[in-house]
Every structure is written in structure tokens, then in C-alpha cells.
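J.: Using the sequences and the hints, build the whole thing.
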Amino acid sequence: MAQTALTLKKNDGTAANWRTWLGIAPFLLFAVLFLFLPSLRLFTASFTDPDGNFTLNNIIQLFSEPFIVNAYKLSIQISAVTALGGGILGFLMAYAVTVGGLPRSLRSVLITFSGVASNFAGVPLAFAFVATIGRQGFITHILRDYFGLNIYDHGFNLYSFAGLSLVYMYFQFPLMVLIMAPALDGLKREWREAAENLGATTAQYWLRVAFPVLLPSILGAMILLFGNAFGAYATAYALTGGRIGIVTIQIGAQIRGDVLYNPGLGYAMAIGMVVIMAISLAGYSWLQAKTERWLR
Amino acid sequence: MSYLSLTNVTKQFGDTVVVDSFNLEMEKGEFVSFLGPSGCGKTTTLRMVAGFEVPTSGTIKLDGVDITDKAPNQRNVGMIFQAYALFPNMTVAQNIGFGLKVRKMPSEEAKERVNEMISLINLEKHAHKYPYQLSGGQQQRVSLARALAIRPDVLLLDEPLSALDAKIRVSLRAEIRAIQKRLGITAIFVTHDQEEALSISDRIVVMNVGEMEQVGTPFEIYNFPKTQFVANFVGSLNNADAEVVDPANGILAMDGVHFKTADEGMKNRRKGEQVKISVRPERFSFAVEPLKDNVVESTIENITFLGSVVRIQISIGSTKFNMDTFNNPFLELPAIGAKEKVMCSKEAVLVL
Amino acid sequence: MSFWRRLRKFPFLSWLWLIIGALYFVLPLIATLEFSLSWDPELPLKAYQRAFEDNDFWETFLYSNALAVATIVVSVILIVPTAYWIRLRLPEARRLVEFITLMPFVVPAIILVFGLIRIYSSSLDVPFTEIELMPPLTNFKMGTNILIVAGYTVLAMPYMYRSVDTGMRTVDIRTLTEAAQSLGASWFTIIARIILPNIRSALLSGALLTFAIVVGEVTLASFLGVDAFGPYLFLIGQHRAYEPAALSFVTFLLTWLAMGLIQLFTGGQGQAAGAH
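Chains as they are written, first to last, in the working numbering: chain C, 981 to 1276; chain W, 39 to 390; chain A, 60 to 335.
Please keep in mind that the hints were generated in silico from the structure rather than gathered at the bench. Being a predicted model, the structure only gives us computed values, none of them experimental. Just to be clear, a hint being listed does not mean it is correct.
[As the list claims (entries may be wrong)] Chain W is faced by these chain C residues, among others (derived, beta-carbon under 10 angstroms):
hint: 1; residue: 1068
hint: 2; residue: 1128
hint: 3; residue: 1129
hint: 4; residue: 1168
hint: 5; residue: 1180
hint: 6; residue: 1265
[Said to hold, decoys possible] In the EDC-like style, the derived pairs of lysine to aspartate or glutamate whose C-alpha atoms are separated by at most 20 angstroms in a straight line are:
hint: 7; chain 1: W; residue 1: 139; chain 2: C; residue 2: 1170
hint: 8; chain 1: W; residue 1: 108; chain 2: C; residue 2: 1170
hint: 9; chain 1: W; residue 1: 99; chain 2: W; residue 2: 65
All C-beta atoms in this analysis are idealised placements derived from N, C-alpha and C, irrespective of residue type, glycine included.
T.: The structure is reproduced here in C-alpha cells:
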């Protein structure tokens, strides 16, 4: 026993030598082969012209080629709209089951539902929405037959910006619920009591204490939602068959065949996306750290 | 008329009676502690005064006004929580100013009040820090300042020192008491720590499973406990079984050894009745002239060194007692197994 | 409590938000179910019958399940020892490994498959020669299988690592290991007999989540040209009307089952994946 304890202790105390690092070598090797090399390849290729020389042209073209600029614009708009919409709805739902006074049993039901919904995406989700508010959809019919409202006459189209946003929301707001429920649990009862005790009304408590405390979590979660929508491909492809020009769809087209007539530009487009995702993740982590520091 | 009065206050959660007809009259400026083990209802009683719980029956009056059903934010009662409960998104100054802000106090005046409070707790250098940058003791001082800033009618402290280190606990409790005296504020202090309650309070309410066991000054509670529970909970105690020999003269027998007691209740007991007697360890001493009421033969069983006190385990007949004696470098301790005469006064022998 | 006081305390708004969300959640499912049952009023389950009669369905579905199992096995082999080693001996690698496991959030599936194709569609040669060490992985069946399982393992990494790491934190593997070592257990025994059984609920929830991600996955599968369930579903969606709805609903039930089981095993926090 003493022997074992001593060996363990020695290994902890001194700086780990290369032999200790060997323990995670398989993992690192895997990550290099199937994550870093592929990413690096895209990265170097986006700085290479068709003849194999270094160039910044591809990066410059990202900002000038209307086809690409529009794709980014559209992706950013859809991601922002669904992050905001899904964020607000998700927050309100998480609020309802945590501190909103609903029965505790509803909480675990909602969490399970949210786990399912945030993972229910891609082709089945697209089909589900076609069956719901497609031209012959369930809701479309109900609205037409009982409310005399034909949404397709009023410019709605499931295969458009609005339609895609509606579909994305389906996995966006449950994700928000999953992130915000624990954050709302983090609101201590004593804060509310202390605030009341000092004379604050419920509104004042929310405005001055609860909401500011939650704000970094809310923003962080919304950034995560943004990235979640920005990187989505399967759902959009299944729904529109590639007819909506968001970044992931255009990259997909570029993989299938060189639609940009410039492979380097395709790589640059992919890298541009990675950069945006990285910024989102960094923003999320920063806000997360801020909250954790507060709530320590 | 008293300043704060609780009359027949009872609280039930479902079928469980958490607080059972609690009665207390407090004077303005008085410092009262609720002392008891966890689950004794002391915190619930405090929370009813704060307004976080509504009594099932009974009334709470503050300065003549019935506040039993008033919302917490209408009461002007300051509260300090065990877990500090500082708002993490606000600096020290903002925390202290919170109550003034929601009251819409003019900002100049509020600023002045905040500064006054910050200097009261000696945290001038930390006014712009956030709670996570402060130690536990500092956070609790901010919490005190925050509660005092609104000039509350009553200050409620819910185990405010429990989360702190032993050293800080002692210094902060002195600080709390000093500030309370200086401001002349009425305060209720909930604790499960008897030493804390004894050192800080004007009066103590000892509670057990929802009932008030005894109300009195620290001196009364310690020296004249009225119930077995109070005697055991406050300070350490030797307990033994004894038989009443002579009720009129207060004579008891324990294992055939006679003890004299000054207990008033003895007169009402019958000869031959079985009772429990209690003696505090520090009331025993080795017999020296002039001899006290009770001088008995004992055997030294064990000696434990506790720092300022030396605890000697003795046996009188077949019953074991602890005897505490103050430590000093010239103390001559008996050998284990030695026979020694020990004594205690008749006032020291409590019959409960 | 009086009626009015009770009424004032009733959380109207909370119920409202919950109901709006619940409708959003449930309506598409009802619509899909309703549609899938409406093919033939005489034979409500016709769409399901037809869908299940299709040989391609079973082939692709079983294939996807096999991919999911392979992914889970690879993930466990890769991640459990790594997470264990970091907790026990190499805490300084924690930040690095956590960073790596977060990378799939930065490199979404579409980018990952882009990179994988670009790297592994050329053969591995001995440098500066024409000697081929390994043909392009994308050119043969086993190669694509390896590639897609590797890709899925990457996508599942954040969830698997987090599950396993949380599991190890809650059972305090360090003390368990020291206790086992003091009783003379070998490393293999420790991992197989002590660590794995103790984190089994964490492993299960990681595995089920991986399953949920992999079975319906479409991006990697279609670009690597694999005949998996996701691309199959997409394909029949182009040509048929009712069967896709039926299969979508079945997929939903499967996801539901996986999440329900996770909830059961972890008894609390569900997790979100991102195979969108």
C-alpha cells in the first residue's frame, strides 16, 4: 500500500515525462490524422493558387465575389434570426420549468423532450416540416380550412429563408433549454430573498439581479446556437435540395463539383467558415468563464 | 410595550409542526439569539419575521404594527444569510447601495450612506471589487453593511458565521456585536453554536423540535438551565442517576454517596424517587480548605490535555465524571489510579 | 390560502411559454404521423408496411447501425483510456485534450468531410518516390468504412469525452485505482473490472448519444458515397411521398428511445448533439 502510494505520488509531483505522454498518444495520433491534417489541408490549400504557389487571392475573393458574400450574408442572417428566436423561446421555456413555478415533474419531461428535439435533425426533420407546413401540410390545411388563410398565397414558402428558419428553430430552442436550465438553477434563492428583503419588487429583482447574472449565459448560449445553425448542412440540403444558397450548401456544391471554377476559393470558403465558428466558440467560452467566475 | 413581539406564532408544513406557539417580546436595541440544533425551527421563526414564511397562526408585531401578512419587501427588515447572498454582478458599493436604489433614494444621499457603511465595516479599499474577489469574512461584512444601509427596524442574522473559519468567526462576531450596540439596532441571531450565542447575546432563546425550551440571559441559560435539553445543549455536562434521600434538606444519594443540592424543586419530591443529576465539569475541583458542601472520594481514571483546560476523568463509586481544571505550568496532576478527594458546591448539583 | 391569492400565484406566463414550446415540438410530429397514416384509409399502416418491405431500407439501416456500433467501440477505446490517464497521471494534458474534443464545434461535418476527402482521396506514397504504401482510402469499401467511422468518432468526441470525464469525476477514479493497486490488481484488471463498470452509465449515455448522431447522419455518408440510412431516406424522399414520412416518424421514435434511456441512466441532464 505504502509502496503504491509512493509511486503514484512521485509521478504526480515531477513534471510528466514523455513516457507519461505516451498514454494519450493514440488519441493525439487519431486527432492529427482525422481532424488536424484535414483541417490543415484545407487551410494551406486556401492559400494556394491552381499552380501550387502561395497566394492571398482566394482570401481576398471571399470578400469580393458576390456569390460567396451573399452565401455568408444569408447564413449569418439565418443563424442570427434562429439563434435569437430559438434563444428567446428556449429561455422562456427553461424559465417556466425552473423558477417559473411549474410543477417539478414537468422539468425532467421538458429536458428529455429537448434532448430528443435538439438531436432530431437532418432528413427526418425536413420531412416532418414538409408534412406540417409544406403546401399540403397539416397546419397549412388547418389554416386554410378553418381560418381561411392560405399562407402560400401570402408569400410563405417552406423552402425559403423564413421556412428554413422555422425548421432550424426546431433544434435551436431545445438546445437553449438544455443550456439555460442549469444556468437558471444557478440563481440562488437567497439572492431573491436578499433583494426582497432590501425592498425590491419582483420586477426590480429580475431587472437588477437575475437578468444581469444570467446575461453572460444567455449571450453565450445564443452564440452557441448561432454556430449550431451556421454549421448545419443536412437539414437545409434535405429541405431545399440545395436551392438555398447558404455557406454549407455552397461548400457542399463545391465538393461535388468545382462550381466556383477555382478549388482554392472553395477551400477559402471552408476556412472562412471555420474562422466564424472558432470566433463563436471563443466568445461562448469567454462568456462561460465569466459566469463561472461570478458564481464560484 | 415591547418593540417586536411574536405571539403564539405557529408554523406547519403539511402535518409537521415546525414551530409550536412561539412567544417572544423584544425591547428596542436588544440582541436575542435563537439557539438550537438543526431542524429545531429557529430559522423558520426568523424567516417568519422576515416575511419569507407566513405563520400558520399567531401574530408578529413590530413597533405596534401587525406585520404578520406583510410582504417581505414592505417590512424594512434587514437580513443576513449564511451563504452571504451578495449579488455577484455588483461591486461592494453597488451591493450596499442596492436597497437604497430600489427605494429611489436621491443618488447623492445614497452615495453618502454607502460610504458611511463601507467605512463602518472597514472595507474602503475594496469598494469597487466584486464579491468573488473577496474572502468569506469580507463578503459577510459587506452583507452586513448592505442590510444596515436601509436602516432596518430589525436586523436578522441567519447563521451568518457558520461558513467562516474559526478565527474569523470569533473576530466577526465581536464586530457584529459592536456595530449592533453602536447603532442601537434590534437584532435576532440564529445559531447552533452555543459559544456564539453565549458570547454575543443579551438574551437567548433555546429551541428544540419547534418548542421554546428556555428564554434567558446567557448567564441564566448556562448556570440555571431549566431543562435537561438546555443543560446538555449549552456547555458540557456530567449526568448521573440518583435517588432522593431527604427532600427537605436537598440530600441525594448516588451509588450510596450522598450529595447536597440547592435545587428548589427538591422540596416537591418524594423520598426514594429516582432523578437525574447534572454537574458541569468545571464545578468539580480537588478538595481544599474551606471544604465545600460536597466532598467525596474519587479515583483518577484518565487525564486529557485540552490546552487551556485539563480534563480529568474521575469515578465516584461506579459512575464516571469529567472534571475540568484550568491549566497552568505549575499544575500538579495526580497519577492515574490515585485516590483523591473532590468537591463541588450544592449549587453545582442540578436536578432535572 | 384564499382563491384570489392562489390565482395571483398561478404561473400563467410559465404555462403559456411551455405550451407554445410544446406545440412547436409536437405539431410536426403529429403532422408526420398523420401524413404517414393517410396513404390508404383502409390500411392505415400501409406506408410503414411498404417502407419495411423495402430491402434497401433494411440494408442501409443495418449498415448504419453497424457504423454506429463501430463508432462507439472506437470512441470508447480511444477516449476512456485517455480520459483516465489524464485524471490519473497527466492533468497537464487536460486543456489540450479538452480543446481537441471541442474542435468538432469549430469544424462542422461539412468541413470535416471536405478535408477528409481532400487528404484521403490520394494515395499514401513513400516521399519523393512513386511507391504506393496505401491506396486512397476513398477508393475501396474498407477504406471508406474506416474513413466514415473515423469521421463519426470525431463528431461524437465532444459528447463522448464529456460523458466519460464526468463519469470519472463522480466516482473518483483516483481513489478506486489506488485501492485496486494496493490490492494487487493489474492495469488491465483495473480498467476492465473497476473503471469501466463504475462509469457504465456515463458510457451508456455517451454511446446512445453517438448512436443518435450516427444512425440518421447524412453529410459524411453522402459525400463519402456510403449507402447508409441517411442518404437512403433522402433518396426515397425524392421519389416517394408516404414512406419517408413513416420512416421519419420511426427515426423520431428511435431518437426518443435513445434520449429516454440516457435520461434513465443519468437521471438528469440531457445532452445535445449536433448532426444538423
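J.: Next step is simple, just say for each hint if it's right about the structure.
T.: Okay, the hints, checked on the actual structure:
Below 10 angstroms, beta-carbon pairs count as interface contacts, and residue 1068 (chain C) has none with chain W, the closest being about 21 angstroms; its hint is therefore violated. Taking 10 angstroms as the C-beta cut-off, the interface hint given for residue 1128 (chain C) is violated, the closest approach to chain W being about 49 angstroms. Using the Cβ-Cβ criterion of 10 angstroms, the hint placing residue 1129 (chain C) at the interface with chain W is not satisfied: the shortest such distance is roughly 45 angstroms. Annotation: residue 1168 (chain C) was flagged as interfacial toward chain W, and the flag holds, the nearest CB pair being 7 angstroms apart, inside 10 angstroms.
The interface hint given for residue 1180 (chain C) is met, as the beta carbon of that residue sits about 4 angstroms from the closest beta carbon of chain W, less than 10 angstroms. Checking residue 1265 (chain C) against chain W by beta carbon gives a least distance of about 18 angstroms; that is not within 10 angstroms, so the hint is violated. Between residue 139 (chain W) and residue 1170 (chain C) the CA atoms are separated by roughly 19 angstroms; this keeps the pair inside 20 angstroms, and the hint holds. Restraint check for residue 108 (chain W) and residue 1170 (chain C): the C-alpha separation of about 19 angstroms stays at or below 20 angstroms, so the hint holds.
A hinted pair counts as satisfied when its Cα atoms are at most 20 angstroms apart, and residue 99 (chain W) with residue 65 (chain W) qualifies at roughly 12 angstroms.
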